[in-house]
Amino acid sequence: MTTTALRTGFQRGLIELRHSFSTVQDLWGYFFPTVVFLVVMTLMKGSVIPGTTFSRGSMTLPSLIGASIGFNAMVNTMQQLTLEREDGTLLRAKALPHGMGGYLVGKIVLISGMTIAGIVLLIAPGLFLFDGLQVSAMTWVTLVWVLVLGLVATLPIGAVFGSLFENPRTTGVVMLPVMALVGTSGIFYPINALPEWVRGLAQVFPLYWLGLGMRSAFLPDAMAAVEIDGSWRTWETVGVLGAWAVAGLVLAPVVLRRMARRESGSSVAARREKALQRVPG
1 MTTTALRTGF QRGLIELRHS FSTVQDLWGY FFPTVVFLVV MTLMKGSVIP GTTFSRGSMT
61 LPSLIGASIG FNAMVNTMQQ LTLEREDGTL LRAKALPHGM GGYLVGKIVL ISGMTIAGIV
121 LLIAPGLFLF DGLQVSAMTW VTLVWVLVLG LVATLPIGAV FGSLFENPRT TGVVMLPVMA
181 LVGTSGIFYP INALPEWVRG LAQVFPLYWL GLGMRSAFLP DAMAAVEIDG SWRTWETVGV
241 LGAWAVAGLV LAPVVLRRMA RRESGSSVAA RREKALQRVP G
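Residue 32 in UniProt numbering is what sits at position 32 of the sequence shown, and the numbering runs on without skipping anything.
There's no promise every hint is true.
Stated by the list, open to error - Label-pair ranges, simulated between beta-carbon atoms:
# : residue 1 : residue 2 : range
1 : R258      : L43       : 40 to 50 Å
2 : A243      : M175      : 21 to 31 Å
3 : R261      : V36       : 38 to 48 Å
4 : K45       : T23       : 26 to 36 Å
Just so you know, the hints here were simulated from the structure itself, not pulled from any lab data. Here the structure is a predicted model, which means the values were calculated and not measured. For each residue, glycine too, the CB sits at the ideal point set by N, CA and C.
Generate the whole structure from the sequences, applying the supplied hints.
Listed below in structure tokens is the structure:
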């Protein structure tokens, strides 16, 4: 990939990100889920983690921050690729010199920016609303490395799924298992409360480790006692997220290249025709 493609892609991503901050629909997508999460966590403030005096709402905040990284990176990347295959954006990028490289850089910048914006919207009020959270220099160091490694681990997954689906409406098939993973990854309650086989399955996927990494950043060390092995397992977090990152970076380019080769004017026209047929007359 040339320097020109990188620069063009970066600029394109920033333009799309700024546009998302000025569009009512996109702003609704930023604020509505955040408000819902904050209300739910506020209602949980009166409940404590079993065996501790720590608020369930305070423990859920960093867990949701971690889960939002993986969820937003996977789902938004998948939806962007699928939608832009259907409307011909991807085909137009393919027609330009190094266009696909610039396109992918732009998507990485856009999705990363959207994810960071969502995290800021959770953290800013959350630090004032919930007690017991610890904030120090190491908090921000941990947040940054978990964020960066989490994005690298999950963005390629979204790209792979986005390459596999031609119809944006079929992406809902992926949403159900992702939501199930959120529910079984210790995001809303300690994972030790779940059956052993569920704990084992959750630890295979990035969402659990993203939540654990963020809990290690914001929660006091004593709260590690309610985690598996009574530890934050930092090196295991690095290892699992790193393994997903390597696998995704190897697989995603192969899948994306195959998808790009199949794109043509006739394929875009056929998808548009099917989309028009679905519109009620």
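Against the structure, the hints:
1. Between R258 and L43 the CB atoms are about 47 Å apart, so this pair conforms to the stated range of 40 to 50 Å.
2. Range check, A243 to M175: Cβ separation about 24 Å, and the 21 to 31 Å hint holds.
3. Checked against the given bound of 38 to 48 Å, the beta carbons of R261 and V36, roughly 41 Å apart, stay inside it.
4. Between K45 and T23 the C-beta distance comes to about 33 Å, which sits within the given range of 26 to 36 Å.
Going through the hint list in order, the structure satisfies each hint without exception.
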